[in-house]
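All chains, please: the whole structure from these sequences, using the hints.
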Amino acid sequence: MGQTIAEKIFSAHAGTPAKAGDLVVAEIDYVMAGDAKGPKAVDIFREAGLPFRLDPKKTDFIIDHFVPAFDVRWADDHVKIREFAGERGLNVFDAGSGVCHTIVTDEGRVGPGDLAVGGDSHVCTYGALNAVAVAVESGETASVFATGKLWFRVPKTIRVEFEGGIPEGVFAKDIALALAKEIGVNGANYRALEYGGSALGHISMEGRFTIANMAVDTGAKTGVMEADENTLAWARGVGREDAPVAPDADAVYERTIRLDVSSLVPVVAAPPTTDNVYPIEDYAGLPVHQAFVGTCTNGRLEDIEIAARIVKGRKLAKGVRFYVSPTSRKIMDAAAASGAIQALNDAGAVVLMPACGPCVSMTGNGVVGAGERVITSANRNFPGRLGSKEAEIFLGSPATVAASAIAGRITDPREMLAEVSA
Amino acid sequence: MKMKGRVFRFGDNVSTDVHLSVKYRPPEHTLEDLKRDAFREIDPDFASSVRAGDLVVAGENFGLVSSRADAAVVLRELGVSCVLAKSYGHMFYRNAINMGLPVVECDTDAIRAGDEVEVDLEAGAVRVGDERIDFSPYPAALLTMVSAGGLIPFLKEEGDYPA
Ligand code: SF4
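Chains A and B are the protein sequences, given in the same order. For the first sequence, this note's numbering gives the first residue as 40, with consecutive numbering after it. For the second sequence, this note's numbering gives the first residue as -4, with consecutive numbering after it.
These are computed hints drawn from the structure, not numbers from a lab. Fair warning: there could be bad hints in the mix.
[What the hints assert, rightly or not] Here are some chain A residues the structure puts well away from chain B; computed CB gaps all over 10 Å: (1) A238; (2) G276; (3) A309; (4) Q381.
[As the list claims (entries may be wrong)] Covered, in the sense of this in silico footprint (three residues per stretch, anywhere, with C-beta under 8 Å from a C-beta of chain B), are these stretches of chain A: (5) 116 to 124; (6) 181 to 193; (7) 203 to 217; (8) 224 to 232.
Quantities reported herein were computed from a predicted structural model and do not represent experimental measurements. Here a beta-carbon is modelled for each residue, glycine too, at the ideal position from N, C-alpha and C.
Set out below in structure tokens:
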């Protein structure tokens, strides 16, 4: 019987042929430990008195949520991380390096065919590199430090076929949201998504990270993309040469979803859930108070540049705050070199340090009050995620966010994009 | 590892909020408080009538929604020997095994409240009367983990997974 990509990756790492439903113990190639859950993993590891047996090169601590530390609690956690890593010779990407998932993909920490875990819901982002990446709890992270392995239940796979050409003004985020609507917030519970299809080749690697990032927001355990030349070029560019993994022609899928991207228009996810997705025209005109381009979903160079292109030579609408956080120091550099940072600053946007920033209120910045409306390139819009439960959070592409920041209301980016390119 | 016991039967979509509702929880609570109120929303007698070895059997999506490890610990502490369901919330499934509560995904349609069932994790079989229901068996390493009381106790005891 044929295997899906996830089944092949789990089989290779468990050293035994595995199919959906099987329980296996698998070798881990990489574990991402952040500043939200990493400190608890350190506590559990220390309390249990476990030996550290993981190859130190297979893990990083990344400090990105609580930066700059705004409470002694987080400062103490950061001290704990630095001490623990220092004792064992582990690498720390310290405050300002960027958002964990961007660093992992851009620094070559994970490559095609890898099995990765991490203490954050959105580790599934690495799936765009043809890897399986699964979010784990702190005790599980501690156990990987001790053994280099973890147990898994091999998930069933839902195949996603992207077909057709991508229309002007439609971005990877629109595709990710359209898929979230199709599947539903929990429709892929405990499944792996496997993405392929003729349209995948038209989506940049940056766009693919956006799509894989939101796998977890359909309830999926992981989302893994087929590898093509772009994937391998990316992998080589960050120093990886791992062999890509393709599904067998007779692989068994629980079901197949075909998404004709040529029929898509710019969309937003309205509160209260990520699958509450509608064409932007349904909400166009609603006033916005805060706009944000950033996060592990949409804070890459392509995202910063499209936002800059839209705001260039314009001014933010009165009463709108527009925050932009390039998600790594390298992206900040490139955006500065291309003039994007200048254009954003000139328009009245505030460029923030590479970090999670105003993605979620736990990170302590950019929270909003009752009655405010936010348009953001982030991945979640639950009421209260950004402070007041009385605030509304809409999700959209960076182009949609930037156009809305300029207009002061939820705005279809296509008109402004047409003017920019004219 | 074999378990034998009576069945407490629940339906689909029993979330951790239903089986461990925060509604009854005093702000300063102990495991005893949580045990007393387990399943109170859907079976008020559960906590007082469950006996060591009994099984919880449910339909689709058992333990949906939350990542609270409590939800698995409480069942284990009440003596529930195993949970059988057609599917699980991702986090509940992982938490249960990590906390030493065996969970099995299998077809549960034929299992009724009060049935006596026998589960053999190693063989991957549930027996209800003359019926046998198959599931993916537990590999040796996971059997040892569950018997040790979960992931961390297992690592403390064994140090590593067997080669
Ligand atoms: S950017 Fe947001 S979603 Fe991504 S890791 Fe940071 S807090 Fe989580």
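Please count how many residues of the segment 203 to 217 of chain A have a CB within 8 Å of a CB from chain B and say whether that reaches 3. Violated, because only 0 residues of the segment 203 to 217 of chain A bring their Cβ atoms closer than 8 Å to Cβ atoms of chain B.
Count the residues of the segment 116 to 124 of chain A whose Cβ falls closer than 8 Å to any Cβ of chain B, and tell me whether that reaches three. Not satisfied, violated; 0 residues make the cut.
Interface exclusion of G276 of chain A relative to chain B, criterion Cβ beyond 10 Å: holds (33 Å)
Since A238 of chain A was said not to touch the interface, does its Cβ keep a gap of more than 10 Å from each Cβ of chain B? holds (28 Å)
Please check whether the beta-carbon of A309 of chain A is more than 10 Å away from every beta-carbon in chain B. Its Cβ never comes within 10 Å of chain B, the nearest being 21 Å, so this holds.
Three residues minimum, CB to CB under 8 Å: does the segment 181 to 193 of chain A make the cut for coverage by chain B? Let me know. Per the Cβ count (7), the hint holds.
Check whether three or more residues of the segment 224 to 232 of chain A sit with their beta carbon closer than 8 Å to a beta carbon of chain B. Held - the segment 224 to 232 of chain A has 3 residues with a Cβ nearer than 8 Å to chain B, which meets the minimum of three.
Decide, holds or violated, for the assertion that all CB atoms of chain B are farther than 10 Å from the CB of Q381 of chain A. holds (43 Å)
The earlier numbered hints that this structure contradicts are 5 and 7.
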